[in-house]
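Chains as they are written, first to last, in the working numbering: chain A, 1 to 200; chain B, 201 to 400.
It cannot be assumed that every hint is accurate.
Computed, partial: chain B to chain A, Cβ under 10 Å [claimed, not checked]:
#, residue
1, Arg234
2, Val257
3, Tyr264
4, Glu380
5, Trp383
FYI, nobody ran anything at the bench for these hints, they're computed from the structure. C-beta atoms are modelled at their ideal positions from N, C-alpha and C, and glycine is treated no differently.
The residues making up each chain are set out below.
There are 2 protein chains.
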Amino acid sequence: MAAIDFYFDFSSPYGYFAAMRIEKLAAKYEREVRWHPVLLGAIFKTTGGMPLTTIPVKGEYAMYDIVRTARFHDIPYEQPQQFPLSTQIAARAMMVVQQMHGSAKAVKFAKAVYRAYFVRGFNIADPAVIAQIATEQGIDPDVLAEEINSERIKVQLKVDVAQALARGVFGSPFFIVDSESFWGFDRFEQMEVFLRDGII
Amino acid sequence: MAAIDFYFDFSSPYGYFAAMRIEKLAAKYEREVRWHPVLLGAIFKTTGGMPLTTIPVKGEYAMYDIVRTARFHDIPYEQPQQFPLSTQIAARAMMVVQQMHGSAKAVKFAKAVYRAYFVRGFNIADPAVIAQIATEQGIDPDVLAEEINSERIKVQLKVDVAQALARGVFGSPFFIVDSESFWGFDRFEQMEVFLRDGII
Numbered sequence: 001m002a003a004i005d006f007y008f009d010f011s012s013p014y015g016y017f018a019a020m021r022i023e024k025l026a027a028k029y030e031r032e033v034r035w036h037p038v039l040l041g042a043i044f045k046t047t048g049g050m051p052l053t054t055i056p057v058k059g060e061y062a063m064y065d066i067v068r069t070a071r072f073h074d075i076p077y078e079q080p081q082q083f084p085l086s087t088q089i090a091a092r093a094m095m096v097v098q099q100m101h102g103s104a105k106a107v108k109f110a111k112a113v114y115r116a117y118f119v120r121g122f123n124i125a126d127p128a129v130i131a132q133i134a135t136e137q138g139i140d141p142d143v144l145a146e147e148i149n150s151e152r153i154k155v156q157l158k159v160d161v162a163q164a165l166a167r168g169v170f171g172s173p174f175f176i177v178d179s180e181s182f183w184g185f186d187r188f189e190q191m192e193v194f195l196r197d198g199i200i
Numbered sequence: 201m202a203a204i205d206f207y208f209d210f211s212s213p214y215g216y217f218a219a220m221r222i223e224k225l226a227a228k229y230e231r232e233v234r235w236h237p238v239l240l241g242a243i244f245k246t247t248g249g250m251p252l253t254t255i256p257v258k259g260e261y262a263m264y265d266i267v268r269t270a271r272f273h274d275i276p277y278e279q280p281q282q283f284p285l286s287t288q289i290a291a292r293a294m295m296v297v298q299q300m301h302g303s304a305k306a307v308k309f310a311k312a313v314y315r316a317y318f319v320r321g322f323n324i325a326d327p328a329v330i331a332q333i334a335t336e337q338g339i340d341p342d343v344l345a346e347e348i349n350s351e352r353i354k355v356q357l358k359v360d361v362a363q364a365l366a367r368g369v370f371g372s373p374f375f376i377v378d379s380e381s382f383w384g385f386d387r388f389e390q391m392e393v394f395l396r397d398g399i400i
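Please work from the sequences and hints to get the whole structure.
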């Protein structure tokens, strides 16, 4: 089955919105979704980007737009206290879950991490929070913690982020469908036309 | 009649798309549109913004997205050679047309400037091009040129841009409907719900 590559950062609200909607869109067009957690902090070193909400004037609007967009799409959202935050541990955790338990469980875990951050208000940069989410998902938190801190996983995430950047990924959410790239939750409409017609 | 405040820069492709669509949306909800040409260059000095297409990685995507979005919405678009460019003269020209000939003619003039740049490939930073557009619109180009260079109009544009920034305008297109702000051609859908329901 052809795939949709879905790139996201765990501290990206629009990435969270996309995560809540992409599986349904993909299923409609018989696509699988390959989930790629990335680190915007690392990507911004190349692109000169800044966390959206830290930009003068634009940042204030963005905070408002995030809440309004969640409401518009009927997606639960509570602005987290710690925002944005480091998502290395969350990203590595998802990679480990994928390797140990497969893609379906990893996607379920990723959604649980997003909800923990953007609905339940947990600090997902805290290893204890990641361990708690893992436990709730029936994943051994001790094995997970050990793997998260392994050199192998750290290196692999760096490679994954570099590969994403090489494919043109500069923000979250970012989608690549066949050779077509789409940035932003705002591009679902255009992406759907491409999925349907194979051309846009 | 209640208004929609529409802020745009004449070198903004998404501003051009919005300019081609906003009157129809406004008419549907019996709103008038107040057109405010602004200078993103001046605004970016406060916000630290950069012309979209000059940002590494993101810029290349943006160039592609602009063309694809024009096609998606069936709006004629030819990527200009000079891009982006200074829009002070175009903005001042629109202000002069508004003062001398009223809003309807100014809006017609603004659309002609946008089409000259994004369809006909003219360099709208060139006073001779602005003079040609004016002539095509039945506006005396000599009177216009004189007013464009008047201290009064220069100061007024600076004031207008400062006021826009004070209202939170940081990009193009930007809309303020009653107390609700919307940034981007992507927000027409949400703006329409607000126009229809008075709440979003």
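Answer holds if the nearest beta-carbon of chain A is closer than 10 Å to that of B:Trp383; otherwise answer violated.
For B:Trp383, the interface hint holds, since the closest Cβ of chain A sits about 6 Å away, which is under 10 Å.
Would you check whether B:Glu380 satisfies its interface hint, that is, whether its CB is within less than 10 Å of any CB in chain A?
Holds, about 9 Å.
Measuring from the C-beta of B:Val257 to each C-beta in chain A, is the shortest one below 10 Å?
B:Val257 check passes; min Cβ-Cβ to chain A is 4 Å, inside 10 Å.
Tell me if the interface restraint on B:Tyr264 is satisfied: Cβ within less than 10 Å of some Cβ in chain A.
The hint holds - B:Tyr264 has a Cβ within 10 Å of chain A, the shortest such distance being about 7 Å.
At a threshold of 10 Å, is the proposed contact between B:Arg234 and chain A supported by beta-carbon distances?
It is violated, given that the least Cβ distance between B:Arg234 and chain A is near 19 Å, above 10 Å.
Violated hint: 1 only; the structure is consistent with all others.
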